[in-house]
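Enquirer: For reference, the chains in residue letters:
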Amino acid sequence: MSARRELLALAGVTCGYVDDAVLVDVDLAIHDREFVGIVGPSGAGKTTALRVLAGSMRPAHGSVARRAGLRMAYVPQVETINWSFPVTVRECVLMARVTGRRLPWASRAERAQVSDVLGRLDIGELADRHIRELSGGQQQRVFIARALLGEPELLLMDEPTSGVDVRLRHEIMHLLDDLNSRGLAIVLTTHDLNGIAAHLPRIVCLNRSVIGDGAPHDVLNADVLERTYGASMQVLEHGGMPVVVDSFRRAHASHHASHHAESHHP
Amino acid sequence: MIDELLRPFDFEFFRNGLLVATLAGALCGAIGVYVVLKGMSYIGHGLSHALFGGFAASSLLGVNFLLGAGAWGIASALMINAVTRRRVIGSDAAIGVITTASFALGLALFALFGTTGRSFDAALFGSILGVGADDVIAILVVGILAFGLIFLRYRALLFTTFDPEVADVAGVDTARMDALLTVVLACSILATMQVLGVTLVAAVLVIPAAIARMLTNSFARMLQLATVIGAVCGFVGMNLSYHLDVQSGPTIVLVAATLFAAVFVATGITGRRRAAAITAQPPLAAR
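These protein sequence lines are chains A and B, in that order.
Okay, so the first sequence: first residue is 1 according to the numbering used here, each after it adds one.
Okay, so the second sequence: first residue is 267 according to the numbering used here, each after it adds one.
Okay, chain B solo, but in the shape it has when bound:
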């Protein structure tokens, strides 16, 4: 039994995949706290789809996937951030247009020219097989950037997330914080795309944060818990993916969803009330 469980560790691709999945889970768990509390879940979902366009274009042009899709993702992230802040048109509509157009462009490019390099299915649903050294390096670099930002700008990010107007008066550059957060989100999605796939990344951003919210009323503890929960889901999900022979993205998401259901039941009314309040937005300030 133990031998069977440890057997995949003999393969380098699995060790790489497990490392990336665990780090991806931790990274998405931490970033997901800000995504959920700022009501940015739709941006996370949209960005993951927007990156698919970059993935297709870089595949077509023969450009390195991480560079091509990365540049595409950061451009999309900054565009979404600008639209959301300026409120020129409804942010949901703007995000929908930008990201679904990018996703549709990716699908059209694949239909017209086919794909080279990374597989179409892996981009959509994640795959353990394609995880290489460059993916490990990418997740490590993005992880250092993201956790560095959270550590060094913890107070400013918390203030911006909770109360942007007062944070602005207190001297926090909230526009810069929002832009940094959106860029880190795009980079995190890019670095986790190989194991999770663009269609499932949003779930890993939201579920660990939602579980953590049910367990605590403290922001610091929520951040720590979401990071650990995300890492555990990535680790367990990747192992199950190998043994069940199911793609890594769906397996990791199903592990997270199962844990969510268990915590939802175990925490009773308190947890349910906290989970229900996650999406509750404060009313608009009076004129």
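Okay, chain A solo, but in the shape it has when bound:
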């Protein structure tokens, strides 16, 4: 990792008011070609951290250093998209081209680029459809396509798999893994520890400040998770992967099992 170039870094970043800070003294560096997952409970400041990385929010204290000329793209949570807005897939993707050409209509080269990026994401035939007429996976792909049209070096994604089923989650993660293997650095936020975070090369556990930062095997342990989520959790190993289990569920399950056994063997 040390050989990789640093794309951007937060140093001592604090956001919000003194008594109600969303982020406190956060240090976080993102490097070339990295695939990072930011995890934490609701209200932990994950989206705020992403916004600070993206530059759409300024920290109250601390600094944000970006490599000169860094091309970034931001994919917001699908829940924040106005799906009723009158915009077709092609119009949506073309929004990424805001610099350079000023004419409203796309040039021949731009049309070819949009077709190319939509084709790469297997949604080429949907270009003239309204964004609401698509399935959940297709909708997510449209916003990834918009991000990719700007040819970013760093892709920031807010909860890309929130509210999607297992099949769709696999589909999105497979796509992101493929993009990362082609050289795109990705930072995403997620609630899903087992389905997403455990599969990423690097996890950042956040709850207003960084509690843990490293590979899943190093970070996903009972101590870090309890400090991050404020609840007792256990980490098991399955197929060489860490699996996080809610201690309440385990206790409840073992209690239920013993109760069941007692009722059969009085």
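The set of hints was computed from the structure by calculation and includes no laboratory data.
Just so you know, not all the hints are guaranteed correct.
What the hints assert, rightly or not - Simulated restraints on C-beta separations:
| id | chain 1 | residue 1 | chain 2 | residue 2 | range |
| --- | --- | --- | --- | --- | --- |
| 1 | A | THR99 | B | PHE530 | 36 to 42 angstroms |
| 2 | A | HIS199 | B | ALA341 | 54 to 60 angstroms |
| 3 | A | GLU125 | B | ALA441 | 33 to 39 angstroms |
| 4 | A | ARG71 | B | ALA374 | 53 to 59 angstroms |
| 5 | A | PRO41 | B | PHE417 | 43 to 49 angstroms |
| 6 | A | ASP20 | B | ALA441 | 21 to 27 angstroms |
| 7 | B | LEU327 | A | ASP19 | 47 to 53 angstroms |
| 8 | A | GLY230 | B | ALA374 | 56 to 62 angstroms |
Stated by the list, open to error - Some chain B residues well away from chain A (every beta-carbon gap over 12 angstroms; in silico):
| id | residue |
| --- | --- |
| 9 | LEU344 |
| 10 | ALA359 |
| 11 | LEU371 |
| 12 | ALA374 |
| 13 | ALA377 |
| 14 | GLY380 |
| 15 | VAL402 |
| 16 | LEU406 |
| 17 | LEU506 |
| 18 | TYR508 |
| 19 | ASP511 |
| 20 | VAL531 |
| 21 | ALA532 |
Said to hold, decoys possible - Sample of chain B residues with no beta-carbon within 10 angstroms of chain A, all distances over it, derived:
| id | residue |
| --- | --- |
| 22 | VAL363 |
| 23 | LEU373 |
| 24 | THR465 |
| 25 | ALA523 |
Think of the CB as a built atom: it goes at the ideal place given N, C-alpha and C, for glycine as much as any other residue.
Could you slot chain B onto chain A? The hints should help.
Expert: Below, chain B without anything else, positioned relative to chain A:
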């Protein structure tokens, strides 16, 4: 019959009025698309009332109406824009205070000092009779500015309207886009005030855009359709205003409302669903 329909074209005031009404309809139709999609309808309504204060003050001071009310309107627009972006207090409350206070000031000034120049009724409800060459020039200048902005900053305006946070990350100066849009909105209201009146301008901003939304799912087509629909409503409404001897503002608004009802019925469930979604705002982003 044809002679009767063409007879008003013999009068210069009618030709001026028709030109201003048609251009005003097109202008409000186009700007209205952004107003409706950004959820700025209340700002449009408020700004039109705020301009009334400027109209009264310029009348009292003997200042040119377009300059006096224009400066007043642009100041109000920038103030509203700043309040809306900073979220110091609720934007609806802030707009309500700024614009209704301005409207009340206009009414008080008229009550205390009377009016010179333009008529009180014309300012409130629009009138074809007072349309002069300066109104034609004003609508042409504002039209060139507004359509110039839409043409040259089409992509940035669309991105800012649809997804301001991501537009910001992509390098769009969204604060500047919002300020430009609000100033153009104030200028459009000012230039159309003579034929539509301050109490009815908001309807012409909203109705053509709402009709266009029922007819298409594409932003580019919505913009084109709203412009044409606004122009047609202005043209037809102004002709009816002359023949029915009703003020131009209400006639134009009633033509637009009738067209809205017809399209609402004709497009069935699809149109209704699209119309219902116009005001649907995305939920707040998670923390």
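Enquirer: Now look at each hint and say whether the structure bears it out.
Expert: Hints versus structure:
1. A:THR99 x B:PHE530: 36 to 42 angstroms: holds (40 angstroms)
2. A:HIS199 x B:ALA341: 54 to 60 angstroms: Holds - the Cβ-Cβ distance for HIS199 (chain A) and ALA341 (chain B), about 56 angstroms, lies within 54 to 60 angstroms.
3. A:GLU125 x B:ALA441: 33 to 39 angstroms: Because 38 angstroms falls inside the window, the suggested range holds.
4. A:ARG71 x B:ALA374: 53 to 59 angstroms: The hinted range 53 to 59 angstroms holds for ARG71 (chain A) and ALA374 (chain B), with Cβ atoms some 56 angstroms apart.
5. A:PRO41 x B:PHE417: 43 to 49 angstroms: holds (47 angstroms)
6. A:ASP20 x B:ALA441: 21 to 27 angstroms: holds (25 angstroms)
7. B:LEU327 x A:ASP19: 47 to 53 angstroms: holds (49 angstroms)
8. A:GLY230 x B:ALA374: 56 to 62 angstroms: holds (59 angstroms)
9. LEU344: holds (22 angstroms)
10. ALA359: With a cut-off of 12 angstroms, ALA359 (chain B) remains clear of chain A, as the shortest Cβ separation is near 22 angstroms.
11. LEU371: It holds; LEU371 (chain B) is separated from chain A by about 36 angstroms at its closest Cβ, greater than 12 angstroms.
12. ALA374: holds (41 angstroms)
13. ALA377: About 44 angstroms separates ALA377 (chain B) from the closest Cβ of chain A, which puts it past 12 angstroms; holds.
14. GLY380: Non-interface label on GLY380 (chain B) holds, nearest chain A Cβ at 47 angstroms vs cutoff 12 angstroms.
15. VAL402: holds (27 angstroms)
16. LEU406: Answer for LEU406 (chain B): holds, closest chain A Cβ roughly 22 angstroms.
17. LEU506: holds (30 angstroms)
18. TYR508: holds (35 angstroms)
19. ASP511: holds (39 angstroms)
20. VAL531: Label holds. Min Cβ-Cβ 20 angstroms, cutoff 12 angstroms.
21. ALA532: holds (18 angstroms)
22. VAL363: holds (26 angstroms)
23. LEU373: With a cut-off of 10 angstroms, LEU373 (chain B) remains clear of chain A, as the shortest Cβ separation is near 38 angstroms.
24. THR465: Holds: least Cβ distance 29 angstroms, greater than 10 angstroms.
25. ALA523: holds (21 angstroms)
Of the numbered hints listed earlier, not one is contradicted by the structure.
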